[in-house]
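In case you want the letters, here they are:
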Amino acid sequence: MHIYLPIAEVSVNAFLLLGLGGVVGILSGIFGVGGGFLITPLLFFVGIPPTVAVATSANQIVASSVSGLLAHLKRKTVDLKMGYVLLAGGLVGSGFGVLIFNYLKSLGQVDLLVRLCYVVFLGIIGALMFVESLRAIQRARKAGGVLPRKRKQRNWVHALPFKMRFRASGLYISAIPPLLVGFAVGLLAAVMGVGGGFIMVPAMIYILGMPTKVVVGTSLFQIIFVAGFTTLLHAITNHTVDLPLALFLLIGGVIGAQLGTGIGVKLRAEMLRVLLALLVLAVCGKIALELLIEPSEIYSLAKPGAAE
Amino acid sequence: MIRALILFLLSLIPLKAAAQEEIVLGLSQSEVAITARFDGSDMLIFGAVKRETPIPEQPLEVIIAIEGPSGPITVRRKDRRFGIWVNAAEIEVASAPAFYAVASSGPLEQVLDRIENERYGITVDRAIQAVIQTVEYGNTQDFTEALIRIQQENGSYQRLENAVAVDQQTLFRTSIALPSNLTEGGYKARIFLTRGGSVVSMFETVIDVRKVGLERFLYNMAQEQATLYGLLSILIAVVAGWGASAVFRLIRNG
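Here the protein sequences line up with chains G and C, keeping their order. The letter at position 150 of the first sequence is residue 150 when you use this note's numbering, and the numbering goes up by one with no holes. The letter at position 102 of the second sequence is residue 1102 when you use this note's numbering, and the numbering goes up by one with no holes.
Honestly, I wouldn't trust all of these hints.
To be verified - Facing chain G, a subset of chain C residues (Cβ under 7 Å, in silico):
1) Ile-1023
2) Gly-1026
3) Ser-1028
4) Ile-1150
5) Tyr-1229
6) Ala-1240
Unchecked claim - So these bits of chain G aren't anywhere near chain C, every CB distance computed over 12 Å:
7) Ala-8
8) Ile-48
9) Leu-99
10) Asn-102
11) Arg-115
12) Arg-139
13) Lys-163
14) Leu-180
15) Ile-224
16) Leu-232
17) Ile-255
Stated by the list, open to error - From the derived model, a few chain C residues whose C-beta atoms are all more than 12 Å from chain G:
18) Pro-1107
19) Leu-1108
20) Ile-1115
21) Glu-1118
22) Arg-1159
23) Met-1221
24) Glu-1224
I should point out that these hints are in silico values taken from the structure, not numbers from a laboratory. As the structure is a prediction and not an experimental result, all values here were calculated from the model. Idealized CB from N, CA, C, for every residue including glycine.
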């Protein structure tokens, strides 16, 4: 069954869209990432123009994140207090990020910079997470399947003022690190044009020391607002949100997110981190290859004014 | 614009003198309605040649060109810099059609003289190169050739030789497949009669391609009430997310 998308101005198979939404929704539910860095390239592949793909996937991410968040709220695996603090930092960060993005755009080559950003950040985050979580799995094996609870690390994070108690995460730390993490992620997310889940999740685990189970739900909470804000911005300035496209993607997406959350709860925390690390590395590798291998067609067409 | 006008006026002069053969045209549909279920469309174009004089010796050939709405388009070229492939050069073609199909009753080189092609701008390269205005890089030829190549590969530009059937030098018909990624606007259809490579008669009409119903409504809303549209999109997303969660809870509990 084909459906004509009024904004994208192409006709695509409705079941294909449902499937795409579903796959990304499952990943979103498992890992707490919005999936923007996955669904946008997939939509390009189906033939949706890049500007419409970016704007519409932001809208789809809102839906799958709400769906995933509600499932996590039910299991009490969301630290709402931490979410608000991260969000406060994040909104300021994305404000600055948009300014930086526009500055880079005036210099030209913003597209290349975004790609390099992807490769560098995805590469570093993916590699660090992969090594760390493999070690955690080995440790767990030696200890007979049960991970010995580490003593709470005492680093610079714990020496800062304005301490707050984050009950769901079992943390008593200063509000400054979460604000900074939120700010940095918001900044990068705005420049790179993504929700920032794949940066936020590792940052919460490794910098803030939050338990992995709480991280996913809290990340989803934060992504809803960032993605919602992005959708609105695209709808008003570029008129590139395609509602029928979003609808088919999100029907698949919300169902996928529910299934994904169920899978995520059953997986062990270290396994979850290994899989996320592999996913991040795979996307990083794909972008790096695109930059390194000679393309079969060195020319490309774009409507004037589009980013890519 | 002025050049196009002069060309047009020039083209009228010989036609007036030689308009012994006129085209009577029929279309399977004079407008294309894009609905939610739109998935491409076959346009049947048929017609007859009306003449008061005996049929000339030279065989009659028919060329049909359909041109979609034009707009500016950016063509970028990647180059290797510091070991990575980046968009290193770009030109902006001031105007290129979103769709272009040329169907002819024989091989184009045989049924149409090069000079006649230049005068009427029949093949797609004439339709594009005639409108390039900005030249920032030395050789723009490579860029426009790439534009045509890419558009041909995705079916937006078609060259259909031997696709027009001509009966008794009087009746002709062809079918042109309009792709599913059709852009809205007026599609200019031109029919040329040629003898010995020269155009002896020409007919022009416009096929209207329009979104209708829900497609029209959503498109207008996205353009004219952008804030409301954006908020509506988010609301639908939140409700869908909540709905799925509620349904799954029911399934698990029930």
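Violations among the numbered hints, reported as their numbers in ascending order: 1, 2, 3, 7, 8, 11, 15, 16, 17, 23, 24
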